[in-house]
Structures are given as structure tokens and as C-alpha cells.
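Peer 1: Sequence:
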Amino acid sequence: MSSVWTIPYWETAYRLFMAVLLGGLIGWERERDAHPAGFRTHILVCLGSALIMLISIYGFSEFMKEENVRADPARLAAQVVSGIGFLGAGTILRHGLTVSGLTTAASLWVVAGIGLAVGAGYMFGAVLTTILALVSLELLNRLEKILVRRHRLKKIVVSVRDEPGKLGEIASLLGRMGASIRKVTIDEGDLEDDWLNISFTIRLSEEISTTQILEEVRRVTGVKEVRSG
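Letter by letter, the sequence shown follows residues 1 to 229 in UniProt numbering.
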């Protein structure tokens with residue numbers, strides 16, 4: 001069995017550079033949209049996973065010569081799969097009523113798997129997984145936006161004075177006008193600021209337009225600005 005001392009240097013370098021390339025491709029997609037974990041984070045996760053897999057396969061071959069010693073290359077790899085959950089959890093953020101970062105956490109988990117595959121020399125699986133991940137993150141994201149527009153989902157952002165009951169007052173107004181609220185995000189800004197930015201994702205009926213919604217919300221007492229997101 002090969003060891004870290006006998007495996008060719010070019011083979012080690014090839015696998016580690018492939019981990020940087022494949023992890024960087026997915027990280028670049030996350031970086032462009034300013035997600036919590038971007039280009040460098042994905043590269044480091046993939047690179048580290050590949051190195052751990054190399055050590056797991058080739059790092060302990062010298063001990064295999066002893067009696068009653070069994071090799072299990074999957075043991076270190078299993079720790080990567082479970083340990084990546086801690087890093088992924090750090091990318092999941094909660095803003096008001098909205099939770100974001102789940103897709104980025106999933107991409108980190110996939111990148112860790114890609115790194116393990118590269119470290120094991122399974123390049124076909126690693127490259128194909130990278131392609132499929134990019135398709136899921138990029139093309140399906142565009143498809144989702146198209147479907148959102150088709151179903152008349154609109155986003156409006158309301159800058160309102162931080163007073164009790166304002167969120168409920170605006171939500172009630174939207175309901176009376178026939179708009180169905182799908183998601184609400186609250187940006188509190190600075191603690192000393194008296195204003196809140198509330199984002200509503202709403203589904204409009206055929207009888208009402210976004211312009212009508214904006215005009216009615218502007219009339220609410222305490223509203224400073226309303227815009228379509």
C-alpha cells in the first residue's frame with residue numbers, strides 16, 4: 001500500500017489543486033451575491049477536506065504492517081462530514097422573521113464532499129458534482145426568479161418609525177387591499193435609530209397593482225418611504 005512518502009508529489013499537488021479549483025468555482029458563485037461564506041471559505045473547506053482524505057488513505061500505511069491492525073480510510077473522512085456542520089451553522093443568520101444562509105451552508109457541505117472525492121482520486125464524481133452544484137445554484141436561482149414574477153410576487157420595502165403596532169397596521173392594510181403576505185423581513189439598523197426598514201414579499205391579485213399598494217402604504221402615519229424592491 002502506498003504511503004504519503006511514496007505517493008508521487010505531482011499526484012498530491014494535482015489533487016490539491018483540483019480541490020482549490022472545484023471549491024473555488026462554487027465559492028465564486030456565492031461570493032458574487034455577497035453570501036456569508038464566499039470564495040476563500042469554499043476553497044479552504046474543499047482543500048482541507050482533500051488533504052484530510054489523502055492523510056486518511058495514505059498517512060497510516062506504515063502501521064498496517066503490524067499484526068492485528070486494520071485500516072479504515074473512512075474514519076477521518078467521517079469526521080469531516082460531521083464537523084462541517086459547525087461551519088455551516090455559522091452561515092445561517094436570522095434577521096427578524098427571516099432565516100438566511102441555508103443554501104450557503106448546504107454548498108459548504110457539498111464542497112466538503114467534493115474535497116473528499118478529490119482526495120480519494122475520484123475525479124469524475126468530484127467534477128460532475130461541481131457542475132451539478134453550479135447548475136443548482138445559478139440556473140435554478142434564475143428559474144426561481146422567473147417563477148416569482150409569473151406568480152405576481154412583489155417585494156416592497158417600507159421605512160417606518162419604530163413604534164408599537166406599525167408592522168401589524170401595515171400588514172392589515174395590505175390584507176384589506178387583497179395582497180397576500182408571503183414573507184416579512186425586518187432590518188432594525190442602528191439601535192439608536194428610530195426607523196425600521198420592513199420588507200414585505202406579497203402576492204397580488206389581478207385587481208390591484210404595485211403602484212396602488214405603494215400609494216396606500218405611504219398614507220400610513222409614521223411611514224417615511226416606500227419603494228418596490
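If you are wondering where the hints come from, they were derived from the structure by calculation, not from laboratory data. Misleading hints may appear alongside valid ones.
[Stated by the list, open to error] Derived Cβ-Cβ restraints for the label pairs, each shown as a range:
| id | residue 1 | residue 2 | range |
| --- | --- | --- | --- |
| 1 | Arg182 | Ile7 | 32 to 42 Å |
| 2 | Arg32 | Phe124 | 36 to 46 Å |
| 3 | Tyr122 | Gly165 | 40 to 50 Å |
| 4 | Arg218 | Tyr122 | 32 to 42 Å |
| 5 | Trp109 | Arg218 | 15 to 25 Å |
| 6 | Thr210 | Ile55 | 48 to 58 Å |
| 7 | Asn141 | Gln79 | 48 to 58 Å |
| 8 | Gly168 | Gly125 | 46 to 56 Å |
| 9 | Phe124 | Gln79 | 20 to 30 Å |
| 10 | Glu215 | Gly83 | 20 to 30 Å |
| 11 | Arg142 | Thr211 | 37 to 47 Å |
| 12 | Leu21 | Glu215 | 24 to 34 Å |
[Claimed, not checked] Straight line, CA to CA, 30 Å or less: simulated DSS-like cross-link-like pairs of lysine-lysine:
| id | residue 1 | residue 2 |
| --- | --- | --- |
| 13 | Lys183 | Lys155 |
| 14 | Lys166 | Lys154 |
| 15 | Lys183 | Lys154 |
| 16 | Lys224 | Lys183 |
| 17 | Lys155 | Lys166 |
Every residue, glycine too, gets a C-beta built ideally from N, C-alpha and C.
Peer 1: Which of the numbered hints above does this structure break?
Peer 2: 1, 2, 3, 4, 5, 7, 10, 11, 12
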